[in-house]
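Participant: Listed below are the residues making up each chain.
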Amino acid sequence: MKWTALLSCLVCCSAAVQVWAADLVRGGKPAGEFVLAGDATQVEVFAVTDARKWIAEMTGATMPIVSTPTEDVGTKVFVGRNFAEPLFKEDMAALEGSDGYAIRERDGKVYVFGSRPRGTAYGVFGLLERNSDIIWARPHPRYGTIFGRHENLSLTQANLIDKPTFPYRGWGMGHPFHAPSGEWVLRNGGNQLGRGMEEAGWDMLHLAPHNLATPISRLFKDHPEYFAFDPLKGGRHGVTGGEGSMCLTNPKLPEVWAREVIREVHEREARTRRPVDAFLIGPGDNWFTCQCPECLKPIQLPQGGTLEMKDPDAVKDPLFRSTQIFMFLNEAMKTLKQEVPHVKMVSLAYIHMAEPPMVDIHPDMLIYFAPYPTSTMHFGLLDERQAGVWRDRFAKWMTKTKNLGFYEYFFSKPSPLAFYAGENLKTLGEHGMDPSKGYVYTEFDFDRGGPGWDVGAMNTWVIARLFWNPNQDVDALYRYYIQRTYRDAAPKMLEYYELIKNSWVDSGDTTYDNAHTSIPGVYAAMIVKKGLEPRVRQILGEAASMATHPSSQALIRRMSTRYASFTKGLNRMVAPNIQELSHDGDRFESVQWEKPEVLDEFKQTRRYGDILEASQATTLRAAHDGTHLYLRFTASDTQIAKAKARPKDNAEVWPAGDHGEIWFSGPGIPATVFAFDCNGNAYDARGYDRDWNSGWRVVTQKTDDGWEAIAVIPLSALGLQPGVESKLQWTAIREINHGNERPEWVSYRAVPLYSSFFPIIID
Amino acid sequence: MCNKPRLTVLALLAVMTMVTSAVFAQPFGDQFARKDLGQYAENARLIRPDQASFEPLEGRQVLRLTKSASVTFKDVPIDPTVKYALTFRGRFEGDGEAIEENPHLDFLTAYRGVPSIFAGREVQFLDAEKRVLRSLSSALVFREWFEYRDVFYAPPKSKYVRLTIKSGREDQVYFVDNIQLQPAADEGAINCNPVPDRYGKYNYSGWQTLAVGAKMIELPDGRVAFDTKYGTSGATFPLAKPGKYTLTTISQENGFNYAVVLNFLDEEGKKISSINGWGNGKPYEAVLPAGATQGSLLFYSNVIEEVRVNYVGQ
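These protein sequences, in sequence, are chains L and A.
Using this note's numbering, you'd call the opening residue of the first sequence number 1 and step up by one each time.
Using this note's numbering, you'd call the opening residue of the second sequence number 1 and step up by one each time.
With the rest of the complex left out, here is chain A (with noise of 0.2 Å):
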């Protein structure tokens, strides 16, 4: 009897390594250590040694990118079920236009796409024919060094991720430092950044289509709230328990048909109900309805503060 909690503990630190070194798996993780673009790169031949090279920073290596180079990083097998943060430092040289001179490139740092003129980050996923299920682009604007993070849930059938690297316009040169893909901590709700205000405001994780004019926004006493104008919509995250569900949300409301919504999917996409929540910090329950596999949060004129759904039990 008493040798089975120490057996259950081995057996779960097998698991954990198991999982961690699936997580860690390449080309994400060692700090291009090997400095070899074909060890990380999935286009690696299709890669001019001009456009790319390892440059050391600090005692480790970076990636260089250069001359419009494009690099499509190798896929990384992904659990839809997982919440997961994808993180790097950027910065660039060249003439392009920065965030730090112009400070409307804000705009940018949403998943509004890329222009081709800007270096660019996009995380696809993909079903195991590696047809794209959906994908994540942002434009890369700091000129000094900036930790870009996206925090997501693959979509349900994904099997893996993809992150390319666009070092934007020709003159340009775009430093990479430090990938990693792995768990991401908790955030102490399922869906993906629960508050706006810790990941600051050029972070967009957990939003997937941005009404017209949404913005993160800085509130008067300087915290980050999302100001989701009239209909954004979050990405989906997974709703694995059967049982009950809450959504609390600490928002302001701001304009037309103020509406936070929670609604809940089949493994589709397709919706199959959805329970309405105010923005007055109490939890609005819901049973998880029959068939439902997934969420995805709906606000219509509010200012967000936090957001979160929370599995309460059975």
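Same shape as in the complex, but just chain L (with noise of 0.2 Å):
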């Protein structure tokens, strides 16, 4: 089916839902019950009991699930197709072939239909989801669905049919396998759930995922020519771990590779006692290649004219390796073509084989684009930020075949990113792809509780939206997310939306996005470098105030939580002006210290494995006064009498022994130290010149339970400036010298001296 007609399809059902009602709980007693047949398959018999589970929760009551319609009960819903095909023959043949769904009332009954059993089971949460204000927020059993309490539950919501745009809406599953997670790709549409729920009675995607050299691993010990020569290694090697090449211009190889694809196919066939639907090839996350005299020569393309090698390697020249592994395939596609046309065979244009190469591609094979290392996190693929080679790569592909799909890395992130997943997805319609041969497909993290999906549950959400229907509006289905997962707090969760949103999507931002960019730095990019830290702070905190469901609270909670360990992440020394400082701050009483934030991440300084906890406290805190950087240094100490320091003189010697140190480095300022001991001794040195003198002062004390230090530093000898961005950073350390003969060293995050310096903000 074309784009547009599916479209039209779309558009005729939506106008033919009707005003209709039936109950299927009232007073919080079940008045329906789900007719669901017998021989139901696994995911039919998970979506209604998971249906009914969630309107048990809704109301209270408990819906009857039997195989034969009771006479007594109201509304009766009967699920799967055995029920529908005889009265919905139209729908029948119009979901035919498809993932797709219809939700049809007849005399007074509902019918909930696919023409597999899966597209019956997205029908029974499409019901339940048009009919009631339930959303599959994120995967999280305790928070992730949210739904309000009520004692009625009626359909409304019974005459329509929705068929996904992509027959292969893939996601991808680590190790081990999360349930939770599987079951809410399921509840949102997707069709491949991960390896707990590949049996056949799941009816999800039966996939055989390959590296190029895998299928042919086993002929090595006969065949070893038939595997890719490095000369490094002085020979030709196998497949290991997974990984390995092929030497793609033995003139056997394509027909050898092609009955070895189909030998896997049959054999996986026999196992599961389910048909393959898809065999996926990829190069492996290697760039290795042939590098056999053969492999070198100039590939004489089909089209005529011929292809010179610029270089051996393919990260150099990846549109010869391209095109040679191509080739390649399209010879094999005619075996596979004629033995196993049931399975689709799915390239996977990565590494160097996402460069398009200098030939077609066979017409039954699908591609999907790993266009992962450019930003596409932030940009659509054709924008102009977008790095030209990957904007022409994807241009390209778009000339070089109609089955062209994604593989993406679209993890949980707090940016609005949902924006260009949906603007590449719609850019393949656009380009006259074949959307029945799009296999789209992300990798994502299982829900485990972890910081992406605290802060990106709705891109995520909204991605599953539109993996199944590229086409519909990103901005509402935002909205519909918001309103539905914050409820009584959705008003200041869409004013923080559209904060972050108005932030990401300004085309004068240019921050890269990829797979490899972290959380904590998509949040400093969009809200911390922005200045939008205090109103997104702000908003949080009246939108949890305003929640009242509790997953609601939950997740504006962890959100807020989330963005407050990502500032103290940033570790930046925040200097709060206060200019009362100026009359009282470096005496240890002034109330003006109990203003600024208290770093404490101060832990024993370690090179490598585990982060300890220091024996004694540390704390810094800094401020400034317009003219001066107050920062007062706390060290605890609970044998504060046993602090091994040298005798208080006013030689500007190192303070060995218990003692401080703050340093601080940036351009044009070269390592500089401000250091000093319990006993009051004080040293400055800049470039290790401590003739070099900034003019601080510091004033120490001792006190029951250990030491303090308030330093008072010149902003001009640091360069700073109040209000003026600096790029000069920090880092404090400690030594904790009780005369052992190993004194214990602290640093502010464990880390060592010069292995990371942290950033500074003078307010």
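For the record, the hints were derived by calculation from the structure and aren't laboratory data.
In this text the structure is predicted, and so the values were computed from the model without any measurement.
Treat the hints with care, as some may be off.
[What the hints assert, rightly or not] Calculated lysine to any residue pairs in the SDA-like style (CA-CA distance at most 25 Å, straight line): (1) L/LYS221 x A/PRO283; (2) A/LYS282 x L/GLY234; (3) A/LYS270 x L/MET309; (4) L/LYS648 x L/ASN679; (5) L/LYS316 x A/GLY231; (6) L/LYS648 x A/ARG143; (7) L/LYS316 x A/GLU267; (8) A/LYS271 x L/MET309; (9) L/LYS644 x A/GLU100; (10) A/LYS270 x L/TRP287; (11) L/LYS316 x A/GLY291; (12) L/LYS603 x A/GLN252; (13) L/LYS644 x A/ASN102; (14) L/LYS233 x A/LYS241; (15) L/LYS603 x A/HIS104; (16) L/LYS642 x A/ASN102; (17) A/LYS201 x L/ALA750; (18) A/LYS282 x L/HIS237; (19) L/LYS297 x A/ALA290; (20) A/LYS244 x L/GLU294; (21) A/LYS201 x L/VAL653; (22) L/LYS727 x A/PHE107; (23) A/LYS241 x L/ASP313; (24) L/LYS233 x A/VAL261; (25) L/LYS233 x A/PRO238; (26) A/LYS67 x L/ASP691; (27) L/LYS221 x A/GLU285; (28) A/LYS244 x L/HIS237; (29) L/LYS233 x A/THR246; (30) L/LYS603 x A/VAL212.
These two chains come separately, so use the hints to put the complex back together.
Facilitator: Take a look at the structure:
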């Protein structure tokens, strides 16, 4: 089906929705039942029992599930193809071969069905979502699903048909399998759920994923000539750990490889007793390609002409290798098409295969493009801010095949990255790609309560919806999610959404964001650097107090907590402007010292291994008065009497023994240290020159439970100005010396000197 | 027939004597017996008498430098295929800061250049036209006598090695004793300084470009290891013979994107290919690729106890 036809179909379906109502629950009691065939598949049983569970939680009523309809119960919801087939032939014809579903009402009875079990399951979830306020906002079993409490539940949306645009909607699952994440994918329309939900009864995609050379790996012993020559190893090597490469110019290899793929398909089908849907192939995670003399010769192109090798290294000449591989695959496809025509061959355009080859792609081969090394999480692939090489590759792929999809890494992040996912998916349609041959896939994190889900669940949810139908309004999907997820707090969370959307979608923002960009990095770019941090904090605080639903509250709280931890993780020394410090900032009893943030992440200095708590606590506070930076260093010590340091003198000698050090470094400012000990000895140096004098002063005091120092440093000595962004960075170290042979070294975040410095903000 | 081995031995002795005399070419190795700076220093005419002098020490001479003296010793012919050790003892007097007082000065013992207030040494490798091909410089931060040792290969096309010693700040006096340049003892590896514990935590021989935070460190058992941090590369070493080589590393993984890499380079230093190893003590083999004449090591996130590149054979 073409994109335009699909769109028309969906529009028609929407128009066909009727005003009608049938009660499922009334007054907290069941007013209907699910009718499920006795031979229903596992996925259908799951969908119905899952729906019943949520209805029970919403209403307190546990709906019966029966295989034969009972006479004395009201609304009957017939689930499955067999009930509907005699009644809705047109729908069945429209659904045939797809994952779509229809919900129909006839004579007061409701029918939910797909042409296959998973279609029916999507229909059950669609029925529940369309007729209640539920949302499967994220997989987490405790707070991932949000719904209201109701005495009644009526079906009003029971006349529709819905079909996904893409037949292959994959979600990458790692190890160990996480059932709630798989179930979430199913509820939101995915058809690749992970290893724990692969049995035939789940009716999910049956995929055979392989790196290119692995189908022939068993042949190495007798036919090493099929495998890539490595001049470094001085020979040919087979497949190790799933990674290997083939000698693609071996004339026998396309047929040999195809036969091994066929063998694998047949064995897998015999083992699982179900047909393989797709055989996925890719280069693996390596760039190695055969370097035998034959494989380095110019390629005779089928359309005429030759392609010269520019470099044997695929990194430097991906076009040559990509062309070589796709010519090989085109040849192998001839056999595969004949022998296993039901199996879609899906090739990953990844590593050197990401480069569109100089040959046409076999018309029955599907391609899923992996543009991970570029900023796919911040710009559409054809956006002019995108790296040219990846923009060009995407454009070229759309001229090489109509069967294009994506392999993406849309991990949950705080930025509204679904806009770009949607843009790329829509671009496929706009360029005439055949949606029925689009394999769209993303890797994602299991929701074990990790940071990505806490700050970016709505993006993942919207992307799941776009995988089903990329022509939906992305902004409207976000708003729908926010309304259902945050409920009473939705107005505030919409404010938050507008804030981050305007920050991130800003055309002037060129922040790079791809699979490897960290979540805190995105937070820093989208919120912190734009000065939005206080506003976000305020909005989330207000939203938390407005939310009444416990799961909404939990989700807002988790987002706030994550952002707070990201803020802390930035390790900034934020020095507020406290004018009063100019009067008494060097006095320990000054109340002004209650204002600055306390930096307390001092741990045992570690170069490797686990981070260990320090035996004594250390804190640092910073503030300024417009002319001086005030640093208060508090060294708790339960054995302060044992602290060993040089008696106080006025010599500028390194304060060996029990002491503290605060370091600064930045452009134009060589490593600068201010060191002091518990007896008041002081030392400052720049670039290891202790003759340098900053004009600072330091006061120290011993207390019953440790010692403290206040350092007062002219801002000018550090090149700092109030309110002016600085690239100066800081770190701090403490030596706890009780006269032991090995004193304890402590540093901010356990970082050794010179390994990392942290940012400073002079408010 | 029976005379042949004897003749071979004699010939070898003759060659060794020639090599030795070249290696021990002045200005190094005679413990400043000639007491004449002009006999040792290339720039003797630029050194004032109050900047450099010789003083007796335990029956030999030491060179005394002060008032920010910078003595460049005469160039010594060198063979880029030979591993050398350049050693001397040094100490200083004066108000300058020493590692014995401020342990953070250990940062300056790596090849990271020398702040002008510190005494320092620079080893330069020169081509036939006396152009500098590469250099190593490091501070001399020990107040008490300390043996400084640089184990190295000169880069390809090197013809000479040049040593410069600076006395540091004006009021500081630096003493230099017993400079020696000779072929290094067999370290059991082609690369230099394969076991960091051998020369100790103030010796960075064999390492060229250090990642931020990279440092020699003490393991809990007191042995010295090298924390490479993210992206430390070694100096080049010659891979003269065709055939198989092994990369053997004992190291701990220590952070993001841990990697052990042996790069194969051509004469110009351009990378031809590389192999990856692991820090598990197993040898990883590679055939020297066509055009490769030298190698270099590259480490990401390792704490190295040993790293050896060895020749296996054809």
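Participant: Work down the list of hints and note, for each, if the structure agrees.
Facilitator: Verification of the supplied hints:
1. With a C-alpha separation of about 24 Å, the suggested pair L/LYS221 and A/PRO283 falls inside the 25 Å cut-off, and the hint holds.
2. This hinted pair checks out: A/LYS282 and L/GLY234 have alpha carbons roughly 19 Å apart, not beyond 25 Å.
3. Between A/LYS270 and L/MET309, the direct Cα distance comes to roughly 19 Å. Compliance with the 25 Å bound is thereby established for this hinted pair.
4. Between L/LYS648 and L/ASN679 the alpha-carbon distance is near 5 Å, which keeps this suggested pair within the 25 Å criterion.
5. Only pairs whose Cα atoms come within 25 Å are accepted, and L/LYS316 paired with A/GLY231 is accepted, the gap being roughly 22 Å.
6. Taking the CA atoms of L/LYS648 and A/ARG143, the gap is near 24 Å; set against the 25 Å cutoff, the hint holds.
7. The straight-line distance between the Cα atoms of L/LYS316 and A/GLU267 is roughly 21 Å, inside the 25 Å bound, and the hint therefore holds.
8. The suggested pairing of A/LYS271 with L/MET309 holds, with an alpha-carbon distance near 18 Å, which does not exceed 25 Å.
9. Distance check on the hinted pair: L/LYS644 and A/GLU100 sit about 17 Å apart at the alpha-carbon level, within 25 Å; holds.
10. A C-alpha spacing of about 20 Å is found between A/LYS270 and L/TRP287, which places the hinted pair at or below 25 Å, so the restraint holds.
11. Between L/LYS316 and A/GLY291, the direct Cα distance comes to roughly 18 Å. Compliance with the 25 Å bound is thereby established for this hinted pair.
12. A threshold of 25 Å between alpha carbons decides the hint, and for L/LYS603 with A/GLN252 the separation of about 22 Å falls inside it, so the pair holds.
13. Taking the CA atoms of L/LYS644 and A/ASN102, the gap is about 16 Å. The hint holds against a cut of 25 Å.
14. This hinted pair checks out: L/LYS233 and A/LYS241 have alpha carbons roughly 16 Å apart, not beyond 25 Å.
15. Distance restraint check for L/LYS603 and A/HIS104: the Cα-Cα separation of roughly 19 Å lies within the 25 Å cut-off, and the hinted pair is therefore satisfied.
16. Distance check on the hinted pair: L/LYS642 and A/ASN102 sit about 22 Å apart at the alpha-carbon level, within 25 Å; holds.
17. Under the criterion of a C-alpha separation no larger than 25 Å, the hint pairing A/LYS201 with L/ALA750 is consistent with the structure, at around 21 Å.
18. The suggested pairing of A/LYS282 with L/HIS237 holds, with an alpha-carbon distance near 19 Å, which does not exceed 25 Å.
19. Of the pairs offered as hints, the one joining L/LYS297 and A/ALA290 holds, with about 18 Å between alpha carbons and a cut-off of 25 Å not exceeded.
20. Straight-line distance between C-alpha atoms of A/LYS244 and L/GLU294 comes to about 24 Å, which keeps the hinted pair within the 25 Å bound.
21. Straight-line distance between C-alpha atoms of A/LYS201 and L/VAL653 comes to about 24 Å, which keeps the hinted pair within the 25 Å bound.
22. For the hint pairing L/LYS727 with A/PHE107, the CA-to-CA distance comes to about 23 Å; that is within 25 Å, so the pair holds.
23. With a C-alpha separation of about 24 Å, the suggested pair A/LYS241 and L/ASP313 falls inside the 25 Å cut-off, and the hint holds.
24. Of the supplied pair hints, the one linking L/LYS233 and A/VAL261 holds, its CA atoms being roughly 15 Å apart against a limit of 25 Å.
25. With a CA separation close to 19 Å, the supplied pair L/LYS233 and A/PRO238 stays within the 25 Å bound.
26. Among the hinted pairs, A/LYS67 with L/ASP691 is consistent with the structure: their alpha-carbon atoms are about 17 Å apart, no more than 25 Å.
27. The suggested pairing of L/LYS221 with A/GLU285 holds, with an alpha-carbon distance near 21 Å, which does not exceed 25 Å.
28. Among the hinted pairs, A/LYS244 with L/HIS237 is consistent with the structure: their alpha-carbon atoms are about 16 Å apart, no more than 25 Å.
29. Simply put, L/LYS233 and A/THR246 have alpha-carbon atoms about 11 Å apart, close enough for the 25 Å limit, and the pair holds.
30. Among the hinted pairs, L/LYS603 with A/VAL212 is consistent with the structure: their alpha-carbon atoms are about 20 Å apart, no more than 25 Å.
Hint compliance for this structure: no hint is broken.
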